[in-house]
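Q: Once you have looked at the hints, place chains B and C on chain A.
Chains as they are written, first to last, in this note's numbering: chain A, 1 to 656; chain B, 1 to 656; chain C, 1 to 656.
Zero decoy hints are in this set.
Where chains are identical, the list cannot tell them apart; a pair therefore holds if satisfied intra-copy or between any two copies.
Calculated cross-link-like contacts (lysine to aspartate or glutamate; reagent style EDC-like; alpha-carbon spacing at most 16 Å):
{"#": "1", "residue 1": "K285", "residue 2": "D620"}
{"#": "2", "residue 1": "K16", "residue 2": "E498"}
{"#": "3", "residue 1": "K16", "residue 2": "E56"}
Keep in mind the hints are simulated off the structure, nothing from the lab.
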Amino acid sequence: MKLGVCYYPEQWPRTKWADDARRMAELGIRVVRIAEFAWSRMEPSPGRYDWEWLDEAVRTLADAGLEIVLGTPTAAPPRWLIDQHPDILPVAADGQIKNFGSRRHYCFSNEAFFEASRRIVTAMAERYGQHPAVIAWQTDNEYGCHDTILSYSEASRRRFQLWLAKRYETVEALNRAWGNVFWSMEYSDFAQIGLPNSLPTLANPIHMLDFRRFSSDELRRYNWMQVEILRAHSPGRDVLHNFMGFFGEFDHHEVARDLDVASWDNYPLGATNTVRFIPEADRLKWMRSGHPDIAAFHHDLYRGMCKGRFWIMEQEAGPVNWAEANPSPLSGMVRTWTWEAFAHGAEVVSYFRWRQVPYAQEQLHSALNTPDDRLDLGGEEAARVAAEMAGIEADPVGQAKVALLFDYRSKWITEIQPNGAHFDFYGQVFGYYSALRQLGFDIDIVPPDADLTGYSLIVAPLLSIIGEELVERLGKSGAQIVFGPRCGAKTEDFAIPEGLPPGPLTRLLPIRVTRVESLPPEATVAVQREGAKAGETRLWRDFVAPGEGVVVEARFEDSHPAVLSRGPLRYFAGSFDAELLKSELARAAAAAGLTATPVTQGLRLRRRGRLQFAINYGPDAVRVPAPAGSRFALGGEELTPANVAAWFLPENRDVD
Amino acid sequence: MKLGVCYYPEQWPRTKWADDARRMAELGIRVVRIAEFAWSRMEPSPGRYDWEWLDEAVRTLADAGLEIVLGTPTAAPPRWLIDQHPDILPVAADGQIKNFGSRRHYCFSNEAFFEASRRIVTAMAERYGQHPAVIAWQTDNEYGCHDTILSYSEASRRRFQLWLAKRYETVEALNRAWGNVFWSMEYSDFAQIGLPNSLPTLANPIHMLDFRRFSSDELRRYNWMQVEILRAHSPGRDVLHNFMGFFGEFDHHEVARDLDVASWDNYPLGATNTVRFIPEADRLKWMRSGHPDIAAFHHDLYRGMCKGRFWIMEQEAGPVNWAEANPSPLSGMVRTWTWEAFAHGAEVVSYFRWRQVPYAQEQLHSALNTPDDRLDLGGEEAARVAAEMAGIEADPVGQAKVALLFDYRSKWITEIQPNGAHFDFYGQVFGYYSALRQLGFDIDIVPPDADLTGYSLIVAPLLSIIGEELVERLGKSGAQIVFGPRCGAKTEDFAIPEGLPPGPLTRLLPIRVTRVESLPPEATVAVQREGAKAGETRLWRDFVAPGEGVVVEARFEDSHPAVLSRGPLRYFAGSFDAELLKSELARAAAAAGLTATPVTQGLRLRRRGRLQFAINYGPDAVRVPAPAGSRFALGGEELTPANVAAWFLPENRDVD
Amino acid sequence: MKLGVCYYPEQWPRTKWADDARRMAELGIRVVRIAEFAWSRMEPSPGRYDWEWLDEAVRTLADAGLEIVLGTPTAAPPRWLIDQHPDILPVAADGQIKNFGSRRHYCFSNEAFFEASRRIVTAMAERYGQHPAVIAWQTDNEYGCHDTILSYSEASRRRFQLWLAKRYETVEALNRAWGNVFWSMEYSDFAQIGLPNSLPTLANPIHMLDFRRFSSDELRRYNWMQVEILRAHSPGRDVLHNFMGFFGEFDHHEVARDLDVASWDNYPLGATNTVRFIPEADRLKWMRSGHPDIAAFHHDLYRGMCKGRFWIMEQEAGPVNWAEANPSPLSGMVRTWTWEAFAHGAEVVSYFRWRQVPYAQEQLHSALNTPDDRLDLGGEEAARVAAEMAGIEADPVGQAKVALLFDYRSKWITEIQPNGAHFDFYGQVFGYYSALRQLGFDIDIVPPDADLTGYSLIVAPLLSIIGEELVERLGKSGAQIVFGPRCGAKTEDFAIPEGLPPGPLTRLLPIRVTRVESLPPEATVAVQREGAKAGETRLWRDFVAPGEGVVVEARFEDSHPAVLSRGPLRYFAGSFDAELLKSELARAAAAAGLTATPVTQGLRLRRRGRLQFAINYGPDAVRVPAPAGSRFALGGEELTPANVAAWFLPENRDVD
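Extracted from the complex, chain A is given alone in its bound form (with noise of 0.2 Å):
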């Protein structure tokens, strides 16, 4: 466990340089990201590099004794590039270029910037890659952030074209599969194939779909290219990447299997302010501390992704400039935040940005210190963070007993096909991980392809495509599974499966999901268990007809299934209401044999190794829910609001 802090000595002059590493490593700072948006300072003119500054800022910072992570400067091109090739700059969706001024200005399927960066990757990688300070490297930064995934440029038609022809070999087979006799849609050569922008209407999901697919793999061919170049000339660095909050445009488990640790930027408050899914009335309440499983979500799924190791790259200190409304954190919320990182695994927890910055677009974004150098409120809480570290050991984080599967192919299929304004993925995958928290559980968020030994209870909120080889892991798993609605609801050709959804999955869990609806948001249909009303949905639901030794656990008002099971196996038919959720999952958890430790609304808990964590979110003081006795790490028994604990727990305890 370190601390760290985003630094950008270009910005500064250079006589704050080695006062501001001193006061870093006094506070406790042991990581520095350096470099990242430095492009022009390192290379001013096409080919001419400048690197004396940035040997002289890497130097001052090594000698405070900081260990230093440096990004590449890809996010942003300088303007004699884009001067050089202005066919750099992306394409949106309506067909206009988006132009320099800014930053992540550039198509990934470009061929000349694809070189420029390799150019640069390179000098750099030459430069620094032995450098003994340096520990590990930042590919670009934050991909696709202000919708940068998706270029509708020529480059990108040329290039989708050529990936469709190598998935599917002759265009009579991609007719076939995206079913394009539908409306005539045929195609007799693949170099007659455009991009799905612009049309009078829909386009054919599966031509949308695949050009998901496409911009993901452009992309992680554009991250690979980097990773490769600083492997080969700093060996023994960590490659990572700086992945941002509830964003799924392309697919992280896939790039993140090109890294030896995800990283992400975690902005609590700009998070709950931004994100549409969470109600109006929450986001008011949450408005200082952030919802209290958003961060845990991220921390849950990036550890997922890198065999455990996972970093906060940028740590929100403060308020932030970026959503519509940006207050400022409740006193106590930067240190509790860090400690919850820690809690979940994290490395590194590295702030952003050590000084704010007084001049262009983030002027306005708070940092460990004001612009006149002074520390701000979100730096003392850094350094007392920095002081209790040094009694605490970090353990391993060890395996969940609850796997919740998360997949961003699923995330682009339901956007392409919401089928209902309000329906949205994020809302439904994170309800269940919420449900599950606020039953106590630790939870690791997992892809569907990873080794599903040891869980007890794996959740599907929303798995889109269920494939042959999952069904089969899923069956031999020896754990309960539940299904939110629209699993298995299409193949791989974004179709509806043979037989009807959940596909493959009828081989355990033999139901047909005959039709779907989507309601308005106001509507609701409840939900009876032996007669009672037990909840309702919204928004959605499958209307499914159980097959042999399928049992209806709970019916719709108008008597359409809404739990089904076989065995340990469970589906819900609906978007079911928190409570509902909660309730229903709690039975699921306990015909696993799992323990559940409900906790207030705005009480969590996670475990470390020998630590249980309990963080408090919510505006009243709490009792933390530790056995009489415990000995604290951090805290005591009394848990005031923005505020954590931590307790040994007894050495025999069963993590669960």
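A: Quick look at chains B and C alone, frame taken from chain A:
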């Protein structure tokens, strides 16, 4: 009365065709529509036709005793045609080209497309025009769907200039008619005139209106080209087009003059969950039954087009996939909708579609059969209708006593100049229709140039242009006549008439509308009759100065006239609330000697010949207003929700 | 004090002109504005002028004793000019060209348009400059209406680069000033710099601010060209422009420096029903009277431009046609608005327009006369004003005791970086103005560089940039001074000032704004004075660290300072609710020795010389605060709704 179904043999393996045909016939289907959207299969490459598959499909269906409607495939031009003539693609108001990849990607003004359409329609008509099983032709599909009437292409611009030259003869005349002296908009040549999109502020409203007229004429020209070919090669067959609901971007009355039958696509739930002039609470209330007046409104509208002949070409058979929310219909509604269509005089009710297609854009659109080939809920209800039809003979519908005047130009005029963001043409017209239905009347919806003989009550909710000739006919009609606000507000050139609105109508009803006001949705103005509040107006008010002989029957709270009359003519000077509208229309009906049969909110009535139908859209069982001892053809006195009853009227009773 | 009217002879038959002129004069109209928008009639084809009609119009009006304001017709370039130079058309932020067909279809940076404007203005000025009836000229019409200040054309781009080169001299200086090192946005040549539209994410805020400054300068350059010509050819006549309400896309103070009179177009209902910072409930409440402070705000703003000289060039005379809802004004409001304008010092109130034009874009915009040539309600009220004016002599207005500092750059800065989606510049400023008005004060709205001598209370609701020079003048003013939040937050280069906000102001008021927060609209933070809740803040908070000698007068609930003071300076650290704002401003006023006359919600006061006016916007009759025995020039002690009273002040009473 026949049942039909939409079927796409090209989308299914040939091995299924014979079985499908057999099952259709067994279910009671008599008519099957095929071939629309199959251009890429009929003409796989330029000029090379492949009729083999269609020959077999036609033969297979005919062999099962089914009657065939052939759709021309022009709503889905194939890729090769777009490759040959990329300027076929239509252009959006923002200048963006609408690309290939869905449907309706053509501009009506493009000559290459016109000629290609002529060739494929001719080829198809030559091949199947005389086939004994072919009973009708459908031109294209849903003209204008996905906002495809107006195309801002170069071809449109050129042909619009020619259209203007023909209409105005000289550019001086155009300048005069348009009032181009205002803001120096004068032209010296027709070639200078552009399309009215993308201007700093509003275009001249007559510029916009003429562009709408032109666009409607372009469509009519295109449709007439198809009709002529079909009539020439397929004598004795009906030619129809499938219109849509609440869609008025072209003049359906004009286009229907060229057809034998007006058909329309009836999706009550899709419409209810989409149309914005229905308040949200009502959309929620009727989300599973459809609003009780939406289907009926269109039956009555389309029955008024082709001498009473109309079909339902596509009948919703379960949840659709295209509304903001897509709930499943109440059990019974598919059957009930079907009977309601027959009650209003439909010759054929054809379900969309035989089997849900598991791939492409409409994979979540339900059908009579699920993708795995089992009869779905809608299919079961269709079978029940088929069984019930056996015992019921179809009478002619006959003329109603109440006529509602409907005019597409008025929709364009109101949209071009709403003068209040929330004023909606359909909201206004539909309000009158619904009020009359709730009074229990049968209604004919007719164009302003219809023969008005025989009506006792004529209602004009919003007739923007009232010419001398109509005034003449109204004056001679002998009927009670009601006008809503904004009637007679414009000349043919989109100007305020000389002497103020209602223009020539002042001959019969000497009033002057001296000013208008639009109100925010929350504002109301009370209406008083004899000093007591009778209701209120929302959204709109005309300020009316009564002339000689005009009686002010009701006043707004600030004493401006609200209801004025002179002899059999009444003028309503605001958008009255539903109850006020109903009571004022009831007065007019009483004056016309008509007896109202007010119904509870969900019940609706419609007579067809000797049979009086009653439909229950509401959530509770109701008693139908059948005379004691009536003989029932369907159901009985007690009518459960989502159900229909029909009883024989006494033979000597007058139609009213 | 004179009444005027807008008249467009070219839009009416010549046969009407003489009668129109006679009726105007009879009504009491003394001034008539003509000729704007008539370019296509003055110059029907390139270089061919037709003055005959305008000669006659001028003669006819002059013969009736009317004084004439001539408008230059450049807001409506004719079609032939666009044909000659299509690049005159402006370009929207999304790159779309704004086409011919309405008005304002020109780009200020286009040289061809500049020259064509020079020619027509010169020709017009030469012909009519010395005509004895011509008393004034209006340049163009409503600069910027329909969002036409910013044009993203090639011409703009080129001239913007020149403007930048002039401002910054070297590109290195620009890079430094803009902070382009951030995100590698550095340039090596001015020719590389684009316009700040269509970027992946936010442009550098100084990039946007400089583009706004440039665009404002371009407009000023264009206007000055017209002014110079008019001054040269028409000596002794006033040159004015008709500005708009709540429109700040260019710096009106700068443009007004070049004019003799600032006029504005007063549409109280249009504004009230359009402006979004007024809560919906209030918009509804005032929908027929106009919000009680909107007209006054602009009177006081524009009186502050040209040494106190201002006109109402267009006065709403009935419902307009361009707001979301266009209600009819309360009976009496047209007269009341007119008198309120005179009370604030207007020299002329000129109604828009003489007669409603029955065709083209504004056909539903009411006027003094209906299209059928009868005096409408507004016309009757104008006649009443004319009669009343006969007995009232116009005094000079005199300086108020309260100054409100208003700065267009602050609007741009706040819009470029709201840092909270709901924070609105006008909402903030107008809130202060309204609070002061409700305290009964007369207010001067002046630019920050105005002479501040003689004011007792200076209020700066939102002054983003506070330079040394202003601090100097404020310090010497002797007045009580109030600053709202975000004051002094930026440097000229759109950066946070060294030492944090409020920058140089800290010399007088040593505080540091260490962070800011924006809040969702529903969130509030309580403000406490002496332990009791005094009100609350919404939307915005500054976090302030008080320096030496600063008194924290009120605190937020979490103990951060809410109101701070030092000597005569006060800083409000949040967007206070209306009541709190009023009570805090009342404290400052009391400290300044001013006596408030708090008024009920709908009543408003304004003194002009010896006359004290009172206006009743509210729904109930009120008693005006006239001393017993006052002599009334208008009305009396009891003031009915939509009415105005005026009484003579005691001669020895001080202005306050």
